[in-house]
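Here is what each chain is made of, one letter per residue.
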Amino acid sequence: MTLLSVRNLRVTFPTRQGTFEAVRGVSFDLGRERLGVVGESGSGKSMTGRAILGLVRPPGRVTADRMELDGQSILNLPERRMRRIRGRRISMVMQDPKFSLNPVMTVGDQIMEAYRLHAGGAKHAARDKALEMLRAVQIRDPERVMAAYPHEVSGGMGQRIMIAMMLAPDPEILIADEPTSALDVSVRTEVLNIMDRLVRDRGMGLIFISHDLNLVAQFCDRVLIMYAGRIVETLAAKDLHQARHPYTQGLLNSLPRLDAPQDRLPVLQRQDAWREGDTITQSLDTEFPGGL
Amino acid sequence: MLTVENLNVWFGHPPDRVDAVQDASFTVPQGESFGLVGESGSGKSTILRAIAGLIDTWSGTIAVAGKPQSARKRDRAFFKTVQMVFQDPYASLHPRHSVDAVLSETLRLQGMDDIDRRIARLLDDVGLGRGFCFRYPHQLSGGQRQRVAIARALAAEPRLLLLDEPTSALDVSVQAEILNLLADLRAEHGLTYVMVSHDLAVVGHMCDRLAVMQAGRIVEVMGVTALRQGTAQQEYTRQLIAASRGYARA
Numbered sequence: 001m002t003l004l005s006v007r008n009l010r011v012t013f014p015t016r017q018g019t020f021e022a023v024r025g026v027s028f029d030l031g032r033e034r035l036g037v038v039g040e041s042g043s044g045k046s047m048t049g050r051a052i053l054g055l056v057r058p059p060g061r062v063t064a065d066r067m068e069l070d071g072q073s074i075l076n077l078p079e080r081r082m083r084r085i086r087g088r089r090i091s092m093v094m095q096d097p098k099f100s101l102n103p104v105m106t107v108g109d110q111i112m113e114a115y116r117l118h119a120g121g122a123k124h125a126a127r128d129k130a131l132e133m134l135r136a137v138q139i140r141d142p143e144r145v146m147a148a149y150p151h152e153v154s155g156g157m158g159q160r161i162m163i164a165m166m167l168a169p170d171p172e173i174l175i176a177d178e179p180t181s182a183l184d185v186s187v188r189t190e191v192l193n194i195m196d197r198l199v200r201d202r203g204m205g206l207i208f209i210s211h212d213l214n215l216v217a218q219f220c221d222r223v224l225i226m227y228a229g230r231i232v233e234t235l236a237a238k239d240l241h242q243a244r245h246p247y248t249q250g251l252l253n254s255l256p257r258l259d260a261p262q263d264r265l266p267v268l269q270r271q272d273a274w275r276e277g278d279t280i281t282q283s284l285d286t287e288f289p290g291g292l
Numbered sequence: 001m002l003t004v005e006n007l008n009v010w011f012g013h014p015p016d017r018v019d020a021v022q023d024a025s026f027t028v029p030q031g032e033s034f035g036l037v038g039e040s041g042s043g044k045s046t047i048l049r050a051i052a053g054l055i056d057t058w059s060g061t062i063a064v065a066g067k068p069q070s071a072r073k074r075d076r077a078f079f080k081t082v083q084m085v086f087q088d089p090y091a092s093l094h095p096r097h098s099v100d101a102v103l104s105e106t107l108r109l110q111g112m113d114d115i116d117r118r119i120a121r122l123l124d125d126v127g128l129g130r131g132f133c134f135r136y137p138h139q140l141s142g143g144q145r146q147r148v149a150i151a152r153a154l155a156a157e158p159r160l161l162l163l164d165e166p167t168s169a170l171d172v173s174v175q176a177e178i179l180n181l182l183a184d185l186r187a188e189h190g191l192t193y194v195m196v197s198h199d200l201a202v203v204g205h206m207c208d209r210l211a212v213m214q215a216g217r218i219v220e221v222m223g224v225t226a227l228r229q230g231t232a233q234q235e236y237t238r239q240l241i242a243a244s245r246g247y248a249r250a
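Residue numbers (my numbering), protein chains in the order written: chain X, 1 to 292; chain E, 1 to 250.
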């Protein structure tokens, strides 16, 4: 079942040198799956996520042939209507918890505020929900964390708090923009496990934006590879290492590997043809190649 | 080239004193590339900053080229021998100084002559070319900025280069270019590297030996072959290697 359907999404910004196209005709469908979006900085992957949530500020412009959530268009909705979708039905987790949490509010108050904004209800009900969410993201001592301020918790815990806050209203889609880049490897595994469980248990759709190819190959079901604002290749995550697009291959080759030492790393030779040209789409046997 | 013995580094005063590094010892011979790995807060960058003279609250021995260094004052010869490249090229270059200004200031501070010719050489060395001379940092990409930062470090013609996560702010394709550049420069100039990274694959690629740190202590010093084959002695190192191999679904 398709949760989100996007066709020919474009994001443009006027500049003194003319119009800059950050996203140039992106199309994809998201089901109840883990969809990875990979690319270098400036490839438009974050901007795609922001466009879906209506977070592109003027003078930036978003256009699309179609952008539908459960069959209803969410393209350029008035801010008031968008606010009822944002958070409640589509949520976003950003890269660094340091900049996403309010430093002068306790963790508990922030989660409760976010929840009551969307679901309403009494304060004590929101408190119970906040505690439940903190437990769901494997925080062992939720009572203490509720009363803590953001600077009193570690980066990994901050990111889990962000996830708890985003999940309290039970969204259908979570957009995670580099959710683990600021975390240590050991904490990273924990945070990924939490998101993985949410996709499986609640049937949530996850858009996982990352620059880490190997991580995406291991964590996601399906991967979109973006270059210069376009999707250049779509394939099942497990087949990432059999990628056919020279850009994807180039990215994979430029990574140093512990198991295959080499004197020099191959350097990516960019080609203008990658900016245009067709998307290589792998024919997928099943709708969800990773299996859910 | 570099000897570190029983190094302790602390911040603050009791009762709030934090012991960031405790009893760290290692030596790096001339021409070697040595890695420091560990999670954030393990003290790896702190060691580097203590060696560079950016922290003065330490005890123990730091000797560069056989010469013990004091915590407070470093002489001119030290800064001619040791230079550092920082993690974030967006933060380590002055936004309103052109490449030419950055390099000529450094060269003048080092008491060099023939500055214009040297700037051209430095830019060639880091693969930028003379055309970049009058650009400002905002006119450069992340990789180009890190090249300028490397050129600045090379201006003093140092023998020991301290690299603090030199590629972690860069895309993987740009990371490959910078790692290749660093390898070439080491071979050409006979440099010694001490490199801090959280990425074991990068350290495995660049270094001959490495120290694994946890909570301020060095838990293990190992060769890169042991890292590759996963034959670490300590449980913590094995966990770190396993975690860095990627994500295994629970």
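For the record, the hints were derived by calculation from the structure and aren't laboratory data.
It is possible that some hints are incorrect.
Unchecked claim - A short, non-exhaustive set of chain X residues, derived as facing chain E with CB atoms under 7 Å:
#	residue
1	Asp-184
2	Leu-192
3	Leu-258
4	Arg-264
Bear in mind the structure is a predicted one, so any value in this text is a computation, not a measurement.
We put the CB at the ideal spot given by N, CA and C, even for glycine.
Practice prompt. Have a go at the X:Asp-184 hint: is there a Cβ in chain E nearer than 7 Å to its own Cβ?
Written response: Given a least distance of 4 Å, the restraint on X:Asp-184 holds.
Worksheet item: Does X:Arg-264 meet its interface restraint, that is, does its C-beta lie within less than 7 Å of any C-beta in chain E?
Response: Constraint on X:Arg-264 satisfied, holds at 5 Å.
Worksheet entry | Restraint satisfaction for X:Leu-192 [CB to CB of chain E, less than 7 Å] | holds, 5 Å
Worksheet entry | Hint check, X:Leu-258 versus chain E [nearest Cβ-Cβ separation less than 7 Å] | holds, 5 Å
Hint compliance for this structure: no hint is broken.
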